[in-house]
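Trainee: Put together the whole structure using the sequences plus the hints.
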Amino acid sequence: MPKKRQYQHLKSFKPIAPVSPALSSSSSRGSDSNAPAKGVNELLSGLRRSAAGSSSASSPHLLANGPSVHPDLRSILQIPDTPPPAPRRPVRTRFDASGRRLPAGPPPPRSWVTTRGQDVDLSHRMRGLKLKDAPSDHNALPGAYLPGRGSLIDRVLRAIASDWEFQRAYQQYHLYFLPNHLKPALLRHIGISGGGVTLADLKLILLPPTDLYEQGELEADSHTTNEVSYLDLSRSLGRSIRLRDVTNFLVPPAPQVHDTHLEDSWDAAVDATPSPPRALLPNLTHLSLALSPDDAEGGSWRHLLDFASKTSHITHLSLAYWPDPCLAPRAQTSKVTTPQGNKIYYGGTNFYSHSLDHDWSEALLVLRKLSRCFYELEYLDLTGCGSWFKALMLETEHDHVDWAVHWGKVTDLRLYAGFPRQEDMAAAEQVAFAEVMETAALVERHIRHMRAGKGRFINVERDRPAT
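The numbering of the sequence shown is the UniProt record's numbering, which starts it at 1 and goes up by one.
Careful, some of the hints might be misleading.
Unchecked claim - The calculated lysine-lysine pairs, modelled on DSS-like cross-linking and capped at a C-alpha distance of 30 Å, are:
#  : residue 1 : residue 2
1  : K454      : K310
2  : K409      : K390
3  : K369      : K390
4  : K454      : K409
5  : K409      : K310
6  : K310      : K369
7  : K454      : K390
8  : K369      : K454
9  : K390      : K310
10 : K203      : K310
11 : K409      : K369
Calculated from the structure, these hints are not laboratory results.
Mentor: Below you can see the structure in the form of structure tokens.
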């Protein structure tokens, strides 16, 4: 018997009777009861769609796009006027006046932009002021390493020096491990921009923290101070440290041995001579002992001679703004009474020795001893020492500076006045500047005459006449 075919793809044109609302509601309840419950995310998305639909329906933009009504009919039917369309969003500029691309997103508030601009201008002005007031590098010793001015390392070292009171306590266990070529630069910035380098600062930077390591643990460490060849104590002597303390720190005195044990025989006596002390900086060749121009009384020539006798390998030395060579500067006004009742000056130099008496004997004696100790000197900076430039070329009996033998290796000599020449200078300052400039020229001529044909050529840096 043939099967009955059902053509489901053919639609029936039989009209469908309308379903009553009661049946439809009951059927919907039954279907809803059988349907699974909606999740939270589905309910939230439905609420968002309904809110968007209601807002779009009440939006004036959609009403503005609706069919328009003639104005006469609108007035008769009292239909409100159609609101005008909203203005278009302005096209946002992508680049500023300088051609730089602006960041994405809405522009910042006006208050933010104004305040930030003022802060940036203030920071730029302060940065320029700090770099302007910061010590320049033209008076640094040649051959010594200093970071490039304005570089990242230079700014970091200057920032550490400006906040040294905090950094010396917070970084006390890390300063020793600073690279050796950066330690002199840090000491220089501390001495010039801060209150001066103290003996405790030298110990923090040049000595390892002994309370963190056991005895002998750091001996195998390759991080030593043998690579330090430059020590800059500019503007620190007399303010925060004494040269005698520096000498005892760099070259500690030999320990005294008190052996009270008596040997039975002289032949059995053991040689108890202690070995000479080891210098902390054995390769030190560049040394800056420049004083502050405002306080030039911190230099002691007696301590300098003691230091020179223990560190004769110095090749570059700066004695800028040092006072007149004198072994007892505090005794310049002191007088003693002789058995005959006469009063004489206690020291070898008084206030009138150089100006009225033209007595430079003590200054020549000090310079002769200094030249014999620093016999390897190649560079000497005497900026601001114009009051005793004349002692560099005078000779009293056997006391004089021998520029051909003792200081025959000196090839660079700085003889600047130490203060800038200005048009509005006082008359006394102009006369003093002219005398210093003339004396420096005479010293240069004297040295070249002494070395004629038997010494190195010397370059004397001095002030030149205005052209």
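Trainee: Taking the hints in turn, state whether each one holds.
Mentor: Do the hints match the structure? See the list:
1. K454 - K310: holds (29 Å)
2. K409 - K390: holds (21 Å)
3. K369 - K390: holds (17 Å)
4. K454 - K409: Since the Cα atoms of K454 and K409 sit roughly 11 Å apart, the hinted pair holds (cutoff 30 Å).
5. K409 - K310: Given that 30 Å is the threshold and the Cα spacing comes to 19 Å, the pair holds.
6. K310 - K369: Cα-Cα ~13 Å, so holds.
7. K454 - K390: Between K454 and K390 the Cα gap is close to 23 Å, so the pair holds against 30 Å.
8. K369 - K454: Measuring from Cα to Cα gives roughly 22 Å; hence the hint holds.
9. K390 - K310: Given that 30 Å is the threshold and the Cα spacing comes to 28 Å, the pair holds.
10. K203 - K310: holds (20 Å)
11. K409 - K369: With Cα atoms ~16 Å apart, K409 and K369 stay inside 30 Å; holds.
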